[in-house]
Amino acid sequence: MKYEFVETFLLAPRALCGPRLATSHSRTPEVVRVSLLEVRDLDAGYGELQILTDVDLDVADEEYVTIVGPNGAGKSTVMKSVFGLTTHMGGTVTFADEDITATKPEDVIHKGLGYVPQNDNVFAELNVEENLEMGAYILDEVPQDALRMVYDRFPILEERKDQKAGTMSGGQQQMLAMGRALMLDPDLLLLDEPSAGLAPDLVDEMFDKIDEINEAGTAVLMVEQNAKEALRRCDRGYVLVNGQNRYVDEGDKLLNDEDVRQDFLGG
Amino acid sequence: MGVSETYARGRRLAGEQPFAIVVGLVAVWLVWFLVEGLVTGRIRVSNVLSYAWDGLLRGLIVGLAGIGLSMTYSILNFANFSHGDYITSGAFSGWAVTYLLAGLGEANIGSLLLVGAGGSVFGGALGIGITTSPLAVVVGMLIAGAASIGLALFIDRFVYKPIRDESGIALLITSVGVAFALRYIIVFVFGTDVRGTTSAGEVPRVSFYLIDGSFRINAHDITLLVVAVGLMLGVHLLLQTTKLGKAMRAMSDNEDLARITGIPTEQVIRATWIVGGGLTGIAGYMFVLWKGTLGFNDGWLLLLLVFAAVILGGIGSIYGAIAGGIVIGLTASMSVIWIPSEFGRAAAFFVMIVILLFKPQGIFSGRTTA
Ligand SMILES: Nc1ncnc2c1ncn2[C@@H]1O[C@H](COP(=O)(O)OP(=O)(O)O)[C@@H](O)[C@H]1O
Ligand SMILES: [Mg+2]
Chain B
1 MKYEFVETFL LAPRALCGPR LATSHSRTPE VVRVSLLEVR DLDAGYGELQ ILTDVDLDVA
61 DEEYVTIVGP NGAGKSTVMK SVFGLTTHMG GTVTFADEDI TATKPEDVIH KGLGYVPQND
121 NVFAELNVEE NLEMGAYILD EVPQDALRMV YDRFPILEER KDQKAGTMSG GQQQMLAMGR
181 ALMLDPDLLL LDEPSAGLAP DLVDEMFDKI DEINEAGTAV LMVEQNAKEA LRRCDRGYVL
241 VNGQNRYVDE GDKLLNDEDV RQDFLGG
Chain H
268 MGVSETYARG RRLAGEQPFA IVVGLVAVWL VWFLVEGLVT GRIRVSNVLS YAWDGLLRGL
328 IVGLAGIGLS MTYSILNFAN FSHGDYITSG AFSGWAVTYL LAGLGEANIG SLLLVGAGGS
388 VFGGALGIGI TTSPLAVVVG MLIAGAASIG LALFIDRFVY KPIRDESGIA LLITSVGVAF
448 ALRYIIVFVF GTDVRGTTSA GEVPRVSFYL IDGSFRINAH DITLLVVAVG LMLGVHLLLQ
508 TTKLGKAMRA MSDNEDLARI TGIPTEQVIR ATWIVGGGLT GIAGYMFVLW KGTLGFNDGW
568 LLLLLVFAAV ILGGIGSIYG AIAGGIVIGL TASMSVIWIP SEFGRAAAFF VMIVILLFKP
628 QGIFSGRTTA
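If you read the protein sequences in the order shown, they are chains B and H.
If you count the first sequence from 1, position 218 lands on 218 in this note's numbering, and the numbers rise without skipping.
So this note's numbering is basically just the index in the second sequence, starting at one, shifted up by 267.
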């Protein structure tokens with residue numbers, strides 16, 4: 001189903017001419033339900049400072065989408081904006097047909113989104129289990145089945161459930177942050193640089209975990225520095241430069257595109 | 268080799284940490300002075316113990332009041348200078364009720380509610396005490412807590428909440444204004460006189476004969492000990508085992524992350540004021556019960572020690588506030604062994620500065636509310 005959407009509405013028109021420039025974006029108004037997450041003409045920043053200009057972004061049900069781009073391009077800002085953590089300056093964010101542009105950060109999670117920020121993504125002073133409990137704070141009781149699922153996915157977390165999160169390694173913290181975001185079994189998981197700071201052998205493991213999560217039915221929107229690997233694994237990718245969409249296409253196509261390779265993937 | 272090496276090491280230490288050496292020497296001198304005094308009988312063992320007991324109780328009050336200050340600091344990110352006047356407000360509210368309950372029928376209600384303003388009623392004459400009027404004391408204590416909670420919530424709603432997103436400095440300066448406003452409202456209502464609330468002679472006590480003198484513990488010492496330790500334990504359990512407590516720790520740890528996990532931050536802030544305010548009001552009430560006098564400056568003067576304790580313990584940590592409070596209390600009370608009692612408070616600050624020079628982040632450095 002996801003491929004149907006991707007090919008029919010986004011990729012077909014320029015399948016022959018390489019990745020499309022995002023500025024030539026043509027909308028398909030006849031489609032009722034285009035995607036799970038729909039970001040349209042988003043302008044956002046911090047206080048007076050505008051970082052994003054006219055950003056468009058879609059994630060379909062169960063789709064795996066990556067955002068790549070140079071440092072400081074505004075990738076994290078896109079993620080934060082979806083959760084209402086930036087200053088909104090224009091455009092809309094829609095999730096499952098509901099406008100969440102003005103939804104407060106603490107209410108976004110109720111809509112079915114989970115978010116693993118790039119930095120400080122665990123409660124360092126809380127132990128592992130308490131971190132996971134906070135992931136399900138909005139429920140009256142800690143969902144034991146979800147906890148079980150997270151522990152099965154990341155066995156190290158169960159082994160260390162009484163350890164203070166701040167004393168764990170970067171990789172373990174990353175898994176904890178992901179586990180926390182999965183406690184409510186979200187429809188869409190936002191991951192901001194999940195492989196950052198991991199030892200090389202862990203990077204692959206992390207990407208495998210993300211594949212598993214996606215295959216289990218959770219749509220993923222991921223920002224990655226490790227652009228090649230991310231594009232290889234995802235369904236679709238965006239290249240963000242200077243707070244604007246530059247390219248959007250299937251991951252493999254971006255990976256093989258001359259311009260994208262030259263400018264963003266180091267040849 | 269021994270001598271020259273030791274000498275070299277000493278020189279290196281002196282070069283690297285001249286300050287540590289000075290502090291070390293002072294500590295050696297203090298210990299020597301104490302031991303020599305005890306051996307020659309110039310200082311009595313029983314007195315030293317009495318000072319320590321007094322210091323511990325003082326420390327518990329400072330610590331109890333410090334928990335509230337520390338919690339609001341770690342969750343709201345600002346140093347609340349009006350905290351001292353929350354202490355005083357709680358004390359006056361609670362004592363007004365205690366006077367009323369203990370003195371109903373013996374004096375006119377207005378004088379009782381004004382806690383004997385202008386010398387119209389004396390607490391001692393009403394026979395107030397934990398043994399003589401337990402109900403009046405317990406109810407007064409609860410009212411003190413409730414009043415400080417109400418006040419803290421009210422001020423938060425109308426003063427701090429509208430400027431929540433301003434810098435910590437703006438909040439701090441505002442809180443200084445709130446402190447003065449509260450204090451002079453108290454003066455306006457209750458007057459400036461320091462009144463006696465309990466008559467020291469009537470509080471039941473036990474005396475032990477200990478080696479070279481007597482050592483006394485009275486009923487209000489015990490009351491304070493039980494209430495303070497009980498509440499501290501309660502806060503500990505709240506923070507460690509309840510969902511709300513974990514959310515408080517989560518929020519003090521990382522506010523943005525708390526938001527995106529769906530923790531309702533305003534609700535947590537309100538809960539923080541309730542817990543912190545309640546402890547603060549009760550600390551104020553217990554302080555007055557214990558020392559037997561009540562004046563409009565009590566909380567403000569105590570606040571300096573409370574700040575010292577909280578900073579010393581590592582600002583933001585409730586365990587730091589408790590530990591810091593006890594260190595400060597013990598120092599202030601026990602310093603009379605070495606220096607005249609007028610300098611007790613100064614000694615407490617001096618010890619704070621010395622400890623911070625070695626542990627700049629405080630005893631429980633790097634910890635937040637947890
Ligand atoms: N909290 C903030 N306040 C002000 N500017 C910020 C903040 N966070 C990020 N920025 C700025 O926004 C721009 C984009 O940052 P970010 O979205 O983190 O980039 P990326 O994730 O693509 O590396 C950068 O210039 C950065 O300096
Ligand atoms: Mg980033």
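Calculated from the structure, these hints are not laboratory results.
Keep in mind it's a predicted model, so treat the numbers as computed, not measured.
Among the hints, erroneous ones may be present.
In silico SDA-like links for lysine to any residue, alpha-carbon gap of 20 Å or less [stated by the list, open to error]: (1) Lys-228(B) to Asp-187(B); (2) Lys-558(H) to Leu-505(H); (3) Lys-161(B) to Lys-428(H); (4) Lys-510(H) to Gln-144(B); (5) Lys-228(B) to Glu-258(B); (6) Lys-161(B) to Tyr-451(H); (7) Lys-558(H) to Pro-429(H); (8) Lys-161(B) to Thr-508(H); (9) Lys-161(B) to Ile-630(H); (10) Lys-111(B) to Leu-504(H); (11) Lys-510(H) to Lys-253(B); (12) Lys-228(B) to Gly-72(B); (13) Lys-104(B) to Pro-429(H); (14) Lys-510(H) to Ala-146(B); (15) Lys-164(B) to Lys-558(H); (16) Lys-111(B) to Leu-371(H); (17) Lys-164(B) to Leu-505(H); (18) Lys-558(H) to Met-601(H); (19) Lys-164(B) to Leu-504(H); (20) Lys-558(H) to Val-405(H); (21) Lys-104(B) to Lys-428(H); (22) Lys-111(B) to His-503(H); (23) Lys-510(H) to His-110(B); (24) Lys-111(B) to Ser-474(H); (25) Lys-104(B) to Arg-537(H); (26) Lys-104(B) to Val-618(H); (27) Lys-104(B) to Phe-389(H); (28) Lys-164(B) to Asp-140(B).
Evaluated hints:
1. Lys-228(B) to Asp-187(B): Measuring from Cα to Cα gives roughly 25 Å; hence the hint is violated.
2. Lys-558(H) to Leu-505(H): violated (29 Å)
3. Lys-161(B) to Lys-428(H): violated (36 Å)
4. Lys-510(H) to Gln-144(B): holds (15 Å)
5. Lys-228(B) to Glu-258(B): holds (13 Å)
6. Lys-161(B) to Tyr-451(H): violated (52 Å)
7. Lys-558(H) to Pro-429(H): violated (38 Å)
8. Lys-161(B) to Thr-508(H): holds (15 Å)
9. Lys-161(B) to Ile-630(H): With a Cα-Cα distance of about 27 Å, the restraint between Lys-161(B) and Ile-630(H) is violated, given a limit of 20 Å.
10. Lys-111(B) to Leu-504(H): Roughly 32 Å between the alpha carbons, so the hint for Lys-111(B) and Leu-504(H) is violated.
11. Lys-510(H) to Lys-253(B): violated (48 Å)
12. Lys-228(B) to Gly-72(B): Holds: Lys-228(B) and Gly-72(B) sit about 18 Å apart, inside 20 Å.
13. Lys-104(B) to Pro-429(H): holds (17 Å)
14. Lys-510(H) to Ala-146(B): Within the cut-off at roughly 18 Å; holds.
15. Lys-164(B) to Lys-558(H): violated (42 Å)
16. Lys-111(B) to Leu-371(H): violated (58 Å)
17. Lys-164(B) to Leu-505(H): Within the cut-off at roughly 18 Å; holds.
18. Lys-558(H) to Met-601(H): holds (17 Å)
19. Lys-164(B) to Leu-504(H): holds (18 Å)
20. Lys-558(H) to Val-405(H): holds (17 Å)
21. Lys-104(B) to Lys-428(H): holds (17 Å)
22. Lys-111(B) to His-503(H): violated (34 Å)
23. Lys-510(H) to His-110(B): holds (18 Å)
24. Lys-111(B) to Ser-474(H): violated (66 Å)
25. Lys-104(B) to Arg-537(H): holds (18 Å)
26. Lys-104(B) to Val-618(H): violated (46 Å)
27. Lys-104(B) to Phe-389(H): violated (55 Å)
28. Lys-164(B) to Asp-140(B): The given pair, whose Cα atoms are some 24 Å apart, is violated under the 20 Å limit.
Checked against the numbered hints listed earlier, the structure breaks hints 1, 2, 3, 6, 7, 9, 10, 11, 15, 16, 22, 24, 26, 27, 28; every other hint is satisfied.
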